[in-house]
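Construct the complete structure from the given sequences, taking the supplied hints into account.
Protein sequence lines correspond, in order, to chains A and B. Note that the numbering used here gives residue 185 to position 185 of the first sequence, counting from 1, and the numbers run on in steps of one. Note that the numbering used here gives residue 654 to position 274 of the second sequence, counting from 1, and the numbers run on in steps of one.
These are calculated hints, taken from the structure and not from any lab test. This structure is a prediction, so every number in the text was calculated from the model and none was measured. For every residue, glycine included, the Cβ atom is placed at its ideal position computed from N, Cα and C. Accuracy of the hints is not assured; some may be wrong.
Said to hold, decoys possible - Output of the computed footprint for chain A on chain B, the stretches with three or more beta carbons under 8 Å from beta carbons of chain A:
id: 1; region: 386 to 394
id: 2; region: 429 to 436
id: 3; region: 451 to 461
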Amino acid sequence: MTVAESTTDLEALLAAADEGLAFDGLRLEREDDGYALETPETKHAGLDDAALRDALGPLEAYVSNWRYWQREIEGEGTARRAFLRWCERAPLADAERADRRTLDDATLAVPERYEALADGIDRGWGQLRITARFVDVEKPNGERVYDLWHADDAGSDLGDLDVYDDPREARELATEDEDGRYRPLKTAPTLRSGWAFTELSGRELVDTVEFLYPATVANWHRELRGELDVDHWLETAERQTGIYDVIDELPREAVDWMAEACCVDSQCLRRREWQYEEGDDLDVDGGDGPFPCREPCSVVIAAARKWTILESEEERTYELELTTSELNQLAELIDAAAEGRTDEIREADVNDGANRYRARYLRAKRFDEEGTLDATEREP
Amino acid sequence: MQALVIAAHGSHLNPDASDPTYAHADTVCETGAFDEVREAFWKEEPHFREVIRTLEADEVFVVPLFISEGYFTEQVIPRELRLEDWDPERWESDGTDASQATLEATDVGKTVHYCGPVGTHDAMTDVIVQRAESVTEDPDVGDGFGLAVVGHGTERNENSAKAIEYHTERIRERGRFDEVKALFMDEEPEVDDVTDFFETDDIVVVPLFIADGYHTQEDIPEDVGLTEDYRLGWDVPAEVDGHRIWYAGAVGTEGLMADVILERAADAGADLGDAVERVRAATAVGTDGETRSEPGPGAGAGD
Ligand code: SF4
Chain A
1 MTVAESTTDL EALLAAADEG LAFDGLRLER EDDGYALETP ETKHAGLDDA ALRDALGPLE
61 AYVSNWRYWQ REIEGEGTAR RAFLRWCERA PLADAERADR RTLDDATLAV PERYEALADG
121 IDRGWGQLRI TARFVDVEKP NGERVYDLWH ADDAGSDLGD LDVYDDPREA RELATEDEDG
181 RYRPLKTAPT LRSGWAFTEL SGRELVDTVE FLYPATVANW HRELRGELDV DHWLETAERQ
241 TGIYDVIDEL PREAVDWMAE ACCVDSQCLR RREWQYEEGD DLDVDGGDGP FPCREPCSVV
301 IAAARKWTIL ESEEERTYEL ELTTSELNQL AELIDAAAEG RTDEIREADV NDGANRYRAR
361 YLRAKRFDEE GTLDATEREP
Chain B
381 MQALVIAAHG SHLNPDASDP TYAHADTVCE TGAFDEVREA FWKEEPHFRE VIRTLEADEV
441 FVVPLFISEG YFTEQVIPRE LRLEDWDPER WESDGTDASQ ATLEATDVGK TVHYCGPVGT
501 HDAMTDVIVQ RAESVTEDPD VGDGFGLAVV GHGTERNENS AKAIEYHTER IRERGRFDEV
561 KALFMDEEPE VDDVTDFFET DDIVVVPLFI ADGYHTQEDI PEDVGLTEDY RLGWDVPAEV
621 DGHRIWYAGA VGTEGLMADV ILERAADAGA DLGDAVERVR AATAVGTDGE TRSEPGPGAG
681 AGD
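Put into structure tokens, the structure is as follows:
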């Protein structure tokens, strides 16, 4: 810390002391007989100006910590502040601990936190890794910066990654997956790797995270405060108009299948909190993501429309000729497509029912001239 | 503190649909007029549903990046933003003169100034003209040129044609182009017959759409006869029936659109300082060497 910085910090602190100050273990108050100063490790009273300065000497960490949070980050009660405090394992305000599902209790008091920030404190957020650290490790002045990258790159050299510093570039990174396919659902676990944002300010970090996983910080914060406003399936479906007006007719059990198809961890990192309706939970587990999903998203709504139309069809019975292995092969094909596994099946792996040659063979054998599966409907 | 939300359609299928929204948001952001600037979408994230809660500001200006008043601006956006006291009557509009309504977003208790869509604002007329300047790379384009403003036409929205006709009339009154016509994809007069409606050799065709996509990159170029197959692309200008067609693509991709967004917010009471002037200067034809030519007097500076 430079002399100038440390003096301004101190002057600002003294000015704040007039009102009484209590923050992150530091308490400073001007009383009739002088200043009262307290931390978990020290306790003084009746200090005059000079004695207070002396007493604060060894408490530099508390002073710069106060400045960073109260003067620089500010935003008392905001999601941004809570998220940044969570990033460095700082304790959150009581109001932000109403729902403890995503909170671990391993918060750090100022001295331990300062030690950890010198090395960097890591946090996971979906597929993201966030490191909070001091700008200046040698002489920490309380100034934090944040690095952000993909969990898969945790062991990579920065030199091997594309390094960015403008949060807006995250929009581009979130657009396509590793194979160049468009990602309409930003919380799908298909975020590509190979990039890093370094030395972001607190605000820039939150902006970047929000470009990658929109609204996740805001809803996480609401949940912590016990204020997450969940809209269950039925409410959301009934609200729809236009071409989506029909989706409230999707049968109850189909909503379970839909959640299993779309909302499980392998497909979406949001933790689904919505149910069929209040008091009527879906069978499918909501997942383990740190950030909650408070209502069916637009991708699910669009798919629900398709399923509503498909589910309105009556079931019929068909007769078709298949060997037992061919029936099993149909099951394997569906499973491979559902798991997105078809690209991984090796060309010559004819033991896999979803192998392309096996699929082409089945088509050649069992499809008719029109190119459809040769089956006849059985008379009822 | 004041925030701006640009509310656009977006797409589940086409990654380019949100590009103009991002570009205009960046332009507005760089003016520093708002403490926060956010994009929000119907088909992408952040969804309309969640966007207001991501803001710290208590005053939020929402500008729909849509062409016309109708289903999205009157029903979907206000409903998804939870503007419970919304009623289309509050715009007192007959289809082209929505201004703004001040409401509360009930989930967050913030004040929302819900603005009319960009497409019906007067400043949009200038964007259409600037689009013609950009595609011809001539800031003085007009003499000897016809201008076709192309809209979708009726679908579920009777106002969709009104916006097109409104700007067509305004441009016609200025007398800058020899002829100005409103044409449509789904109703008469149809854009397929574009050359029948113009005497001029040169015709600039500007589709009044927000983003380039299926309609502007596949349908219209094929309908107009610019190309047999959109995948083969087309020339600008392209020869069709003895006319030169300067096809501009979606008007919403024009840089000056950011100005319309600001004007909407200003009309609703946003404090913008000199942001409007700065955006006009930054997005004028000729300031970006790639696709634009010499700056002309008053290019893009509005009336
Ligand atoms: S509805 Fe399902 S798929 Fe969509 S964001 Fe929520 S959890 Fe993910």
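Verification of the hints:
1. Coverage of the region 386 to 394 of chain B by chain A holds. Counting CB-CB distances below 8 Å, 4 residues qualify, and the rule asks for three or more.
2. By the rule of at least three residues with a Cβ nearer than 8 Å to a Cβ of chain A, the coverage given for the region 429 to 436 of chain B holds, with 6 such residues.
3. As drawn, the region 451 to 461 of chain B meets chain A at 4 residues by the rule of a beta-carbon pair under 8 Å; at three or more, the given contact holds.
The structure shown violates none of the earlier numbered hints.
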